[in-house]
Amino acid sequence: MTISVWRYSHLVLAVSSFLLLTLASTTGIILAFEPVSQKIQPYRVDTISQLTLAQTLPVLKKSYTEISELSVDANQFVQIKGSDADGKNLTAYIDPQTGKILGIPTKQSEFFQWVTALHRSLFLHEAGRFFIGLTAFLLLLITVSGTMLIIQRQRGVKRFFTRIVRDNFAQYYHVVLGRLSLIPIFVIALSGTYLSLARFGLVGEDKVSPKIDFDAIQSKPERKLADFSVFKNTRLADVQTIEFPFSEDVEDYYTLKLKDRELTVNQITGDILSENRYPAAVLLTNLSLDLHTGRTSAIWAIILAVASGNILFFIYSGFAITWKRRANRVKNKYSADESRFIILVGSENGSTFRFAQAIHQQLIKQGEKTFLTEFNNYTVFPKAEYLIALTATYGLGEAPTNAQKFAALVEKYPQPQPVRYSVLGFGSHAYPDFCQFAFEVNQVLAGQPWAVPLVDIHTVNDRSPEDFGLWAEAWSQQADRPMPVSSDLLKGPVSRFETLTVTNNTRTEQSDGTFLIRLRARRRRSVTSGDLLAIYPANDHRERLYSIGVLEKELQLSVRLHPGGLGSGFLHELTPGETIRARVVSNDHFHFPQNAPVVVMIANGTGIAPFLGMISQNKQQIPCHLYCGFRQSASFDSYRNFLEASQTTQKLTSLHVAYSREGDRQYVSSLIAHDAEFIANALMMKGVVMICGSLAMQKDVIDLLETICQTKLGKSVSVYQSHSQILMDCY
Amino acid sequence: MSCLHKISLLVLTLVVAGSSASFAQQSGTTQYKCMIQMTNYMGEKAYIAVSLMNGKGVYEKTLYVLGSDKKWYPDVKEWYKAVGKKTTNISAISGASVAGGDRSVIVLEIDNSKLNKEYKLRFESAVEDKEDHAKDLEIPLTTEGLSAKSEGTGYIRYVRFSPNTSN
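Protein sequence lines, in the order shown, are assigned to chains A and B. Position 164, counted from 1, in the first sequence is what UniProt numbering calls 164; the numbers after and before it change by one each time, with no gaps. Position 42, counted from 1, in the second sequence is what UniProt numbering calls 42; the numbers after and before it change by one each time, with no gaps.
Honestly, the hints are just simulated from the structure, not real lab data. Note that this is a predicted model, so its numbers are computed, not measured. Note that the Cβ used here is the ideal one computed from N, Cα and C, for glycine as well. It is possible that some hints are incorrect.
With the Cβ distance kept under 8 Å, some of the chain A side facing chain B (calculated, not the full set) [to be verified]:
1) E69
2) D73
3) K88
4) N89
5) A117
6) H119
7) G201
Here are the in silico distance ranges between beta carbons for each label pair [as the list claims (entries may be wrong)]:
8) B/E118 / A/I101: 40 to 46 Å
9) A/G201 / B/K135: 23 to 29 Å
10) A/G201 / B/P74: 21 to 27 Å
11) A/L312 / B/N40: 36 to 42 Å
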């Protein structure tokens, strides 16, 4: 299976770094608790943010005979080093206001020391640091490629945080958590990389030691510490360390290391002897340390721990996804040259393969020679009779990566014999370009002289078993062979059988004539015009589907009597009062649109059935235009009265009828061609075109619409199909 | 050199000389404040061992260790080979390791009987993954040695002493 560059690099990076990444994340989680454990110690004094050095230092000078250094750590604990009254070394946390000792610093625990060394260098010194630095860099690349994948999946930066379609646990949470922890992980990776670079001296600038002109040092005027203006202006909170003068000699001075610069101060006069701003590299290193370790904020440290935990989850879920995808790889028993059934798959992340495999296995079980392959492997199939094309759509209505060459290949390799094709699109209504690529594939195939449509294009929303089942039923009915899928794919609520009573049957004199039959359900169930009625004429597995029009709370079917036809013959013989058992199959995609400004209905023959129901229910009087085609006016007579009445009640705005065997001998498509301008306008103002009838009519109409859309609107018809502005239910 | 500095040096010398004159009678110890100023090297913080060496150049005692993580002690090679392993009481005299450009002030406790007797103070410095300077700095344990500013040869720029004022 071909996969995109970003996905491939995401995977390669993950595979090459997962061991070290696992180790670094695990130790990282542990280390995050070090700053947290420090923060809860009681050495912080709240007033530190207001205190200046002029207030603090005199107090400390008085309290301690010797101080060599004062430091304020990341927790804002103030610590001094010096010697006590006995001249012993003293290191203690103190209260900077009173000089009182608050506690003695404990050494970093051996455990954290050990984990830190493992985290930084794997105990391998320089080599280990290099590998860890490399891992941080790889994590950075993984984050970038992952972000690109999310942008691709969500179709654009703006839609970054919109809903994610759930395929399975690993995939869903990989993406959801990926978005949430993107920023902390990016920070971890970037700061880790920077720290490694700094460690190897690749970004650092040397520290500059203070340059002091000792000849210019003044010993007058003598001032008190509290009067030094530099001490008055420096807050304790800005201090990192203060080095006290080593002796009372005027050439010994205070060194103030602040957050952003280093000052040296004459210990007698309080003059500033030198001032060095830190180079950007030093500030960046400090910032990286703050961000990478969470030493300044317990909350950030916890966020880092959670993000590290997420990395572990990504490693697990990423491999779970990859493993699933690989399990979908194609295994063919028969070659492309000898197979009667060709199954083509277009899939970006492999979930469509599952359906294709199911059909493939089932056909092989039935003893058929079947060949399953990707769209991009399309070629001449000399023995093919059936072509089943299953495809998802990727990005903004684009082809999945393994189907991008399909259109060109179809042009290049015409099949030598007629092949009956069926297209099944997979997608989710959560995305605006629902199944657009599937519609395009259908279009491309419809344009081939060798291609014979077997069933109308079907779409499957969110991998709904019902949607898939609908296609499978239609396919098996048209191919006249058992359903090509195993039942476990079709799990889901099995709709119950209804008992329906026949209330009217118009019958017909001639075979090849059409008749209307009305049925009433015993219990009122929600049935909408456009749904399908599945009947079982012989009480066995054989099922026949008819479009339902709902009129006066009854189900009306429009049927053409075929000589020897199983379904039509059965229905024709029914008399009022008889009951039958049947199933109502919901067909959501072919319901009358609720919010369209205008609806154009196109039908031929019995395809008018659902439209009759829709027109009768059009109580809001949405502008509604019906174009229909029949063989002769006699076929239209059974609908004439109803439609003319609907026009007077404004449920139907205009009516256009074509007869193919009388008068001008027109097809419905010529009516459409005549009103091309009107149709284009309707589509432009977000109107909906509904098509119901034979596949041949559908093919003509869609070809015509393609021309209209291209010339008048500058877009392909598949764009309108995928935005549910062109709805089809043909057979 | 300023006048004040000269005076303080003189005072220092007198104090040291005074104590050295009287050490024969008292076998006590003297505390010396010692400042170690590092060079501006890039890299990890340095580990420094301060040892007392006898006239034959043999380690006699560990006076101070800067750096508390025992894991890196073997990096301070000469010292570790000679006494580091055996010195059980390091934790009582170890402090924080020092970074490039920083200074550290420590207090050394030296037996009065060792002064002016061919003993030396050795400062050995080591930085993780960088070289080790076994004799970064050696100062004769004499009155003059302890009063001068001594230049280092490795990570240490210089070392300065002053007698602990409280003593």
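Cross-check of the supplied hints:
1. E69: 7 Å, holds
2. D73: Hint violated; A/D73 Cβ to chain B Cβ min 12 Å, cut 8 Å.
3. K88: Because about 7 Å separates A/K88 from the closest Cβ in chain B, which is inside the 8 Å limit, the hint holds.
4. N89: 5 Å, holds
5. A117: At 7 Å from the nearest chain B Cβ, A/A117 passes the 8 Å test, so the hint holds.
6. H119: 14 Å, violated
7. G201: 5 Å, holds
8. B/E118 / A/I101: 40 to 46 Å: 41 Å, holds
9. A/G201 / B/K135: 23 to 29 Å: 26 Å, holds
10. A/G201 / B/P74: 21 to 27 Å: With a Cβ separation near 24 Å, A/G201 and B/P74 satisfy 21 to 27 Å, so the hint holds.
11. A/L312 / B/N40: 36 to 42 Å: 40 Å, holds
In the structure shown, a violation is registered for the earlier hints numbered 2 and 6, in ascending order.
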